[in-house]
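> As a plain string of letters, each chain reads:
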Amino acid sequence: AQSVTQLDSQVPVFEEAPVELRCNYSSSVSVYLFWYVQYPNQGLQLLLKYLSGSTLVKGINGFEAEFNKSQTSFHLRKPSVHISDTAEYFCAVSSASKIIFGSGTRLSIRP
Amino acid sequence: DTEVTQTPKHLVMGMTNKKSLKCEQHMGHRAMYWYKQKAKKPPELMFVYSYEKLSINESVPSRFSPECPNSSLLNLHLHALQPEDSALYLCASSPPGADTQYFGPGTRLTVL
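Residue numbers (the working numbering), protein chains in the order written: chain A, 1 to 111; chain B, 1001 to 1112.
A hint or two may mislead.
Label pairs and their calculated CB-CB ranges [to be verified]:
{"no.": "1", "chain 1": "B", "residue 1": "ASN1070", "chain 2": "A", "residue 2": "SER3", "range": "17 to 23 Å"}
{"no.": "2", "chain 1": "B", "residue 1": "HIS1079", "chain 2": "A", "residue 2": "TYR39", "range": "29 to 35 Å"}
{"no.": "3", "chain 1": "A", "residue 1": "LEU56", "chain 2": "B", "residue 2": "LEU1112", "range": "46 to 52 Å"}
{"no.": "4", "chain 1": "A", "residue 1": "LYS69", "chain 2": "B", "residue 2": "LYS1018", "range": "20 to 26 Å"}
{"no.": "5", "chain 1": "A", "residue 1": "SER80", "chain 2": "B", "residue 2": "ARG1108", "range": "47 to 53 Å"}
In case anyone wonders, no lab produced these hints; they're calculated from the structure. Quick reminder that beta carbons are idealized off the backbone N, C-alpha and C, glycines included.
All chains, full assembly: derive it from the sequences and hints.
This is the structure:
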């Protein structure tokens, strides 16, 4: 069975500092991996996805993630965060027409 | 048109009411989904429709009744709900043969 673990439930960071949100997955087959962002009182927005090819994936709003098969990780990074990045971030893996979400990481930006 | 829309944005209903949530997409996606999301939790899958047929029901209580009248529209009919059913209900869709899901803004449901 596939599963996703987000190691940090909350990540506080100062504005303009870099950030990394960690995600590990378990799967016995090839995986498709996703990061979604949920701003307060909104739905989920796709940030980026890894389906195949280059292991470094660039997404919207300056985010990127690196697929690491040996470490079964798909960490999300941004070199310089902004107040508007305050949101809940979900890592996810697809499995048989379903998406399995991690528990989420709340990113809070301090001015 | 590159979005999933949901109506209403907010809904308050009593335990004896009947109401419906609506989801629409015009992207040619052939799979549509209903999720339930409680506060500070990830979305939980409820139903999957593939080519207008129900393909997955995650053991959802019968007081929730999905309907897919056509390839662009997905409804969720609600009847005799409980206060614990209060949540954000999200709709999503995905293109044929693809795993990427695109989400709507959700309907915030409160059951009194």
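> Work down the list of hints and note, for each, if the structure agrees.
Right, here's what the structure says about each hint:
For the pair ASN1070 (chain B) and SER3 (chain A), the supplied restraint of 17 to 23 Å is violated, since their beta-carbon distance comes to about 35 Å. HIS1079 (chain B) and TYR39 (chain A) have their C-beta atoms about 32 Å apart, which keeps the hinted 29 to 35 Å range intact. The given range of 46 to 52 Å is respected by LEU56 (chain A) and LEU1112 (chain B), whose C-beta atoms sit roughly 49 Å from each other. Remark: the range hint 20 to 26 Å for LYS69 (chain A) to LYS1018 (chain B) is contradicted by a beta-carbon distance near 49 Å.
The given range of 47 to 53 Å is broken by SER80 (chain A) and ARG1108 (chain B), whose C-beta atoms sit roughly 33 Å from each other.
Hint compliance for this structure: hints 1, 4, 5 are not met, and every other hint is.
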